[in-house]
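Novice: One-letter residues, chain by chain:
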Amino acid sequence: EPEVTQTPSHQVTQMGQEVILRCVPISNHLYFYWYRQILGQKVEFLVSFYNNEISEKSEIFDDQFSVERPDGSNFTLKIRSTKLEDSAMYFCASSPTGVTLFTDTQYFGPGTRLTVL
Amino acid sequence: KNQVEQSPQSLIILEGKNCTLQCNYTVSPFSNLRWYKQDTGRGPVSLTIMTFSENTKSNGRYTATLDADTKQSSLHITASQLSDSASYICVVSAAWGGGSQGNLIFGKGTKLSVKP
Chain A
1 EPEVTQTPSH QVTQMGQEVI LRCVPISNHL YFYWYRQILG QKVEFLVSFY
51 NNEISEKSEI FDDQFSVERP DGSNFTLKIR STKLEDSAMY FCASSPTGVT
101 LFTDTQYFGP GTRLTVL
Chain B
1 KNQVEQSPQS LIILEGKNCT LQCNYTVSPF SNLRWYKQDT GRGPVSLTIM
51 TFSENTKSNG RYTATLDADT KQSSLHITAS QLSDSASYIC VVSAAWGGGS
101 QGNLIFGKGT KLSVKP
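Just so you know, the protein sequences line up as chains A and B, in that order. Numbered as in our numbering, the first sequence ends at 117 without a single skipped number. Numbered as in our numbering, the second sequence ends at 116 without a single skipped number.
No lab work stands behind these hints: they were computed from the structure. Since this is a predicted model, take the numbers as computed values, not measurements. Virtual Cβ for every residue (Gly too), placed ideally from N, Cα, C. There's no promise every hint is true.
[As the list claims (entries may be wrong)] Covered stretches of chain A (chain B as the covering partner; in silico rule of three or more C-beta atoms under 8 Å from a C-beta of chain B):
hint : stretch
1    : 22-29
2    : 36-45
3    : 105-112
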């Protein structure tokens, strides 16, 4: 069964450093998402991406964050200057169509655990 | 304000027993409701997806119900197994206007522990 993959599985960085989290969505999917989950808390939406542009973002997704689809397969989340509170599990997800208006399954990757020291 | 509330926060049951998890939402305008299973340290896995016109949907031993009038959903697990130990998350989609959470509003989840 096709799956969403994410690298690295664990990233440790110093406060103020830039990090790039990478995701390979399922190949025929058109919508891509990033979520985060702070330890012990609920999953939070960051951003959705369709047709090479952001279709929706939450207030967490401020100017420190950016997303990119640099080629036909990768989808990246960049945090420009990491803060301690950015420590969380970051999940990438993809779906064939938009999940808010349609009922296609949304597939999540295994996550990247980001630790900011 | 769009919100999804789940109960109980945690639940311990014996292997082989049934259980029911609850989800109440105040999301409007409602588009669809999803239940996910999340193992510790892993990404959520979709169990069921329901629109307002669907009252019930099954996926193996998992059966979800939806009452769009009372804005309640439940997830019933039959004949529980040790591998059912996980967090179960209710996620409601707003057709638009989800606010700062985006159009997918997540509940905090119910942590289920199945004991032998």
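Novice: Next step is simple, just say for each hint if it's right about the structure.
Specialist: Hints versus structure:
1. With 0 residues having a Cβ less than 8 Å from any Cβ of chain B, the stretch 22-29 of chain A misses the three-residue criterion, and the hint is violated.
2. Using a Cβ-Cβ cut-off of 8 Å, 5 residues of the stretch 36-45 of chain A lie near chain B, which meets the minimum of three, so the contact claim holds.
3. Taking a C-beta to C-beta cut-off of 8 Å, the stretch 105-112 of chain A contributes 7 residues in contact with chain B, enough for the three needed, and the coverage statement holds.
In summary, the one numbered hint that this structure violates is 1.
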